[in-house]
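Enquirer: Now for the letters of each chain:
Number of protein chains: 2
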Amino acid sequence: MKLYDAQAPNPRRARILIAEKGLDIPTEELSIMDGENLTPEYKAKSRFGLIPALELDDGTVLTEVPAICRYLESQYPEPNLMGRDPIEIAQIEMWERYSEMSGSQSVGEYFRNGFAKLDDRGLPGITGIPRIEALIDRGERRIASFYETIEDRLGDSEYLGSDRFTLADITALCAVDFARMVKHGIPDGNKNTERWHAACSQRPSTKA
Amino acid sequence: MKLYDAQAPNPRRARILIAEKGLDIPTEELSIMDGENLTPEYKAKSRFGLIPALELDDGTVLTEVPAICRYLESQYPEPNLMGRDPIEIAQIEMWERYSEMSGSQSVGEYFRNGFAKLDDRGLPGITGIPRIEALIDRGERRIASFYETIEDRLGDSEYLGSDRFTLADITALCAVDFARMVKHGIPDGNKNTERWHAACSQRPSTKA
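If you read the protein sequences in the order shown, they are chains A and B.
Counting from 1, one number per residue, gives the positions in the first sequence under my numbering.
Counting from 1, one number per residue, gives the positions in the second sequence under my numbering.
Excised from the complex, chain A in its bound form:
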């Protein structure tokens, strides 16, 4: 197996899962800034032009983080990160998706639309998408809503998707750390989120 990797929040989700499972998968790092994910060579492997991608020994290439993670979970079931029974599996998937769609994607919207180097690349994996000024503000509103929702949830539950650390936390952590990097850290007074963030961040896997 080989992981196509980059310094970005989405590949980090896969790296943390791989580290939690103690796997040693060779990686090839590409530069999103330099558009190395958009070359014909890379798109011949990873059709959507997205990173990460997992190339299997038979040449099959899997993309999309949850699909990659579900494959790895099936091959290396322990520690379990995606649920042990149908209801837990569904709840982890719910919170994982929410953390991507309302967390990572909101921060991405804020960041990409305000960053001149990504002109024409307002969305991942596709060119010809101009930056849109109004999306900087929209991204900020969405980040605020994401923080509010997870603060509320983390008042009821120690972790996001379940009562233990799972892929939902990995994705939310990557979203929050991405937000912190672009000066939208956890809002003051969000004590549940602070507690959860500290607990997640002390896991060695999250250095990935």
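Be aware that a few hints might be false.
Stated by the list, open to error - To be clear about the criterion: a stretch of chain B counts as covered by chain A if any three or more of its residues have a C-beta under 8 angstroms from a C-beta of chain A, and this derived list gives those stretches:
| id | stretch |
| --- | --- |
| 1 | 21-28 |
| 2 | 36-42 |
| 3 | 82-90 |
| 4 | 93-101 |
| 5 | 160-169 |
Everything labelled a hint here was simulated from the structure, so no lab data went into it.
We put the CB at the ideal spot given by N, CA and C, even for glycine.
Following the hints, complete the assembly by docking chain B onto the known chain A.
Expert: Below, chain B without anything else, positioned relative to chain A:
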């Protein structure tokens, strides 16, 4: 069980899967136009304010279409719609996600940002998101890219996620039918997509 339903492309994904499996699940229909998904009562059940949601007999509420579908697939495995082995499962998930993120969401972006009745509701499940004129054009570009990618894929494969009809096709079909409704039908000459669309559309489940 009970399904919270609406006349919209996302709940249709769940309805088609339910019909394929021959299940008879009672539904309660809400109006997205009237904001019935955003009331405190509904959000107490479905925290993200999204439809569909599946309420189980013990009161647990599952949201997010793939999570709902994976739960139903675990309880009613036949006909299989989400994969029979780890690689097929991952490939179906890849194409299902792509069809949502680049298909349904692109059409949604085009539609919501051009539709005065959804002012302040430029994104699902959240208010205070103004419509943005520039997203009408961006949505159109993304729809074009989606059509190009699936046309290419359907030249290699009879169906999107596998060699048979799966959840990936359900999600892509709902995206394409939503696009057709807003005058962005399958581009002329996309013969693979036409063939696939006709094959999917003749299944009785897709009347759902």
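Enquirer: Each of the hints needs a verdict: does it hold here or not?
Expert: Do the hints match the structure? See the list:
1. Figure legend: the stretch 21-28 of chain B, annotated as covered by chain A; annotation inconsistent (0 residues with Cβ-Cβ distances under 8 angstroms, at least 3 required).
2. Counting residues of the stretch 36-42 of chain B whose beta carbon lies closer than 8 angstroms to any beta carbon of chain A gives 0, which falls below the threshold of three, so the coverage claim is violated.
3. Taking a C-beta to C-beta cut-off of 8 angstroms, the stretch 82-90 of chain B contributes 4 residues in contact with chain A, enough for the three needed, and the coverage statement holds.
4. Coverage of the stretch 93-101 of chain B by chain A holds. Counting CB-CB distances below 8 angstroms, 4 residues qualify, and the rule asks for three or more.
5. Closer than 8 angstroms: that is the beta-carbon criterion, and the stretch 160-169 of chain B has 0 residues meeting it against chain A, so the requirement of 3 is violated.
In terms of the numbered hints stated before, the structure departs from hints 1, 2 and 5, listed from lowest to highest.
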